[in-house]
Amino acid sequence: MANKVIEVHQITKHYGLIQAVDGVDLAVEAGEVFGLIGHNGAGKSTLFKMMLGLIPATSGEIRIDGAPVRGEEFRRVRRHLGYLPENVVFYDNLSGLETLAFFARLKGVDLGECAPLLERVGLTAAAKRRVKGYSKGMRQRLGFAQALLGKPKLLFLDEPTTGLDPEGIREFYRILKEMRSEGATIILTSHILSEIQERVDRLAIMKTGKIQAIGTVQSLREKMALPLRFELRLAPGAEIELRRIVDTLEGAELSEDGERVTVHCQREAKMPVLQALAALDGRISDLLIHEPSLEDVFLGYSG
Amino acid sequence: MTFAIEPKQIGIIAAKEFRERIRNRWVLAVTTVFTAFALVIAYFGSAQQGAVGFSSIEVTIASLVSLVIYLIPLIALILGFDAIVGERERGSLDLLLSMPITRLELLLGKFLGLSAALACSTVMGFGLVGLLLGFKLPPSAWYHYAGFMLSSVLLGMAFLSLAVMVSVFAADRTRASGGAIALWFFFVLVYDLILLGALVVSGGAVATDAFPYLLLLNPADVFRILNIFGLEEVRTLYGLTTVFPERLANPGLLGAVMLAWITLPLAVANWKFRQ
Numbered sequence: 005m006a007n008k009v010i011e012v013h014q015i016t017k018h019y020g021l022i023q024a025v026d027g028v029d030l031a032v033e034a035g036e037v038f039g040l041i042g043h044n045g046a047g048k049s050t051l052f053k054m055m056l057g058l059i060p061a062t063s064g065e066i067r068i069d070g071a072p073v074r075g076e077e078f079r080r081v082r083r084h085l086g087y088l089p090e091n092v093v094f095y096d097n098l099s100g101l102e103t104l105a106f107f108a109r110l111k112g113v114d115l116g117e118c119a120p121l122l123e124r125v126g127l128t129a130a131a132k133r134r135v136k137g138y139s140k141g142m143r144q145r146l147g148f149a150q151a152l153l154g155k156p157k158l159l160f161l162d163e164p165t166t167g168l169d170p171e172g173i174r175e176f177y178r179i180l181k182e183m184r185s186e187g188a189t190i191i192l193t194s195h196i197l198s199e200i201q202e203r204v205d206r207l208a209i210m211k212t213g214k215i216q217a218i219g220t221v222q223s224l225r226e227k228m229a230l231p232l233r234f235e236l237r238l239a240p241g242a243e244i245e246l247r248r249i250v251d252t253l254e255g256a257e258l259s260e261d262g263e264r265v266t267v268h269c270q271r272e273a274k275m276p277v278l279q280a281l282a283a284l285d286g287r288i289s290d291l292l293i294h295e296p297s298l299e300d301v302f303l304g305y306s307g
Numbered sequence: 007m008t009f010a011i012e013p014k015q016i017g018i019i020a021a022k023e024f025r026e027r028i029r030n031r032w033v034l035a036v037t038t039v040f041t042a043f044a045l046v047i048a049y050f051g052s053a054q055q056g057a058v059g060f061s062s063i064e065v066t067i068a069s070l071v072s073l074v075i076y077l078i079p080l081i082a083l084i085l086g087f088d089a090i091v092g093e094r095e096r097g098s099l100d101l102l103l104s105m106p107i108t109r110l111e112l113l114l115g116k117f118l119g120l121s122a123a124l125a126c127s128t129v130m131g132f133g134l135v136g137l138l139l140g141f142k143l144p145p146s147a148w149y150h151y152a153g154f155m156l157s158s159v160l161l162g163m164a165f166l167s168l169a170v171m172v173s174v175f176a177a178d179r180t181r182a183s184g185g186a187i188a189l190w191f192f193f194v195l196v197y198d199l200i201l202l203g204a205l206v207v208s209g210g211a212v213a214t215d216a217f218p219y220l221l222l223l224n225p226a227d228v229f230r231i232l233n234i235f236g237l238e239e240v241r242t243l244y245g246l247t248t249v250f251p252e253r254l255a256n257p258g259l260l261g262a263v264m265l266a267w268i269t270l271p272l273a274v275a276n277w278k279f280r281q
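Residue numbers (the working numbering), protein chains in the order written: chain A, 5 to 307; chain B, 7 to 281.
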């Protein structure tokens, strides 16, 4: 069995009467890219902070790399851990390079790593400028560089792409991929599903402090059994033949809207519908298949 | 759950704090303020007596003490009130705490870095004026002046410690600044008035026994006693001997009380910070 780098067992956090995190179980394996999805206030950041030992849990247990998150033993783990908090504003009067060097010293990382890291996140030109003059995106890049100090085995990234422009986002995921291929375990949060669904191995959906669903994108889709949709343009007369076949199928239904023919079908009817379409033999002029997106899954679970 | 202390981590935090105060010209500004005030006081301190120009080191120190007792606590509180709460609002506190560092190390690093900035300004600002005055003075004057500078640094550290404590307790920077100003009012303005009130109301009854100890409960008063008691010329001027027994006026004891004022608020801050 694969090595579990993050183990969260029945973790709960109350703030007075507010249940920020409520009985969460989670395990992330070494080398995985894991996404934590949820609306603002779903409890993602709170869960992150507990996993990093920044705030105590009300109850439950968390182990990171085998060590409990509160105690001297965790100091060893922290050296191999990268964290990018949500919306971090650094120190106005230090330059980007100085800021990075400060965190490198705290982590016990060779200062020679700083300049190449700034290069990697595209901040070389601004390295000597004070952070005061940085844009939101530049601060986010600096934060990311900071998280990468010392080639961490484990990366915690809280809303890592906020403030980045589309190019910055692509760049970010390119670096993430490199980190992954170097063997890092990565856990990131987002409320933008479409952005991360193709980039994570597994994900968990959080709502009001609870994990609603957990698994691969594919397994979540299957679990939800959302219907697929085929949109077709057919040669005249072909729709009558298609209707005849579709009507015999379990879990499939055909509707017409002028020239456009739509077949709604359950997941198990997908192959039979495709075979029926193949039987039309060239009388299809256009075909679109709509798979439910993770967005649909997400809305299905927590909407 | 025990935590070892790694001095290196404390040093890294302290160095960063110090560097920031140099960078934003805080040290320069406060040094300039201290130099200017000390110069003015040294040359015009006895203007009421109709004399302008430097008169005596004892009168100069006494005047400087009256100034510093207001100024240094205020500067220290302003310097330290956002030490922790500022990082929290900036979002960098979580990041710092995710590093291999304990809360105590962070707190001590902050405190020592800010102390270094304040000490630097104090020693440079008053030291510069000390050097200007120094040529014609006997060694005993040097001793008193050095004592004045050292006790000023300790006074600053005591109020810095209080400020760091406020900054751990406060929910946001606005409240922290309010708390810091309230502490200044209490220790620098109100406390002595309360003691005076108690003296008057009790018809002087508290004076003999409780009064000297009550003075030790205020770092600003400890600072005053430390500096005034050593100076023959001004001791009678202040009438201190009537309220403060000679046996308590030992610099070693007063220094220890000052150190307690530096340590205790930090200890409370650490206790709260670990919650």
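These are computed hints drawn from the structure, not numbers from a lab.
Please note that the accuracy of each hint is not assured.
Sample of chain B residues facing chain A (criterion: CB under 7 Å; computed from the structure) [claimed, not checked]:
(1) 26
(2) 31
(3) 75
(4) 77
(5) 93
(6) 97
(7) 101
(8) 103
(9) 109
(10) 118
(11) 146
(12) 150
(13) 152
(14) 224
With a Cα cut of at most 27 Å, we get these calculated DSS-like pairs of lysine-lysine [claimed, not checked]:
(15) A:157 / B:14
(16) A:140 / A:8
(17) A:8 / A:132
(18) A:132 / A:155
(19) A:214 / A:155
(20) B:142 / A:132
(21) A:136 / A:157
(22) A:181 / A:155
(23) A:155 / B:14
Built from N, CA and C at the ideal position, the CB exists for glycine as well.
Checked hints:
| no. | hint | result |
| --- | --- | --- |
| 1 | 26 | holds, 5 Å |
| 2 | 31 | violated, 9 Å |
| 3 | 75 | violated, 30 Å |
| 4 | 77 | violated, 24 Å |
| 5 | 93 | violated, 9 Å |
| 6 | 97 | holds, 4 Å |
| 7 | 101 | holds, 5 Å |
| 8 | 103 | holds, 5 Å |
| 9 | 109 | violated, 10 Å |
| 10 | 118 | violated, 15 Å |
| 11 | 146 | violated, 43 Å |
| 12 | 150 | violated, 37 Å |
| 13 | 152 | violated, 32 Å |
| 14 | 224 | violated, 34 Å |
| 15 | A:157 / B:14 | holds, 24 Å |
| 16 | A:140 / A:8 | violated, 35 Å |
| 17 | A:8 / A:132 | violated, 40 Å |
| 18 | A:132 / A:155 | holds, 23 Å |
| 19 | A:214 / A:155 | violated, 32 Å |
| 20 | B:142 / A:132 | violated, 48 Å |
| 21 | A:136 / A:157 | violated, 31 Å |
| 22 | A:181 / A:155 | holds, 13 Å |
| 23 | A:155 / B:14 | holds, 22 Å |
Hint compliance for this structure: hints 2, 3, 4, 5, 9, 10, 11, 12, 13, 14, 16, 17, 19, 20 and 21 are not met, and every other hint is.
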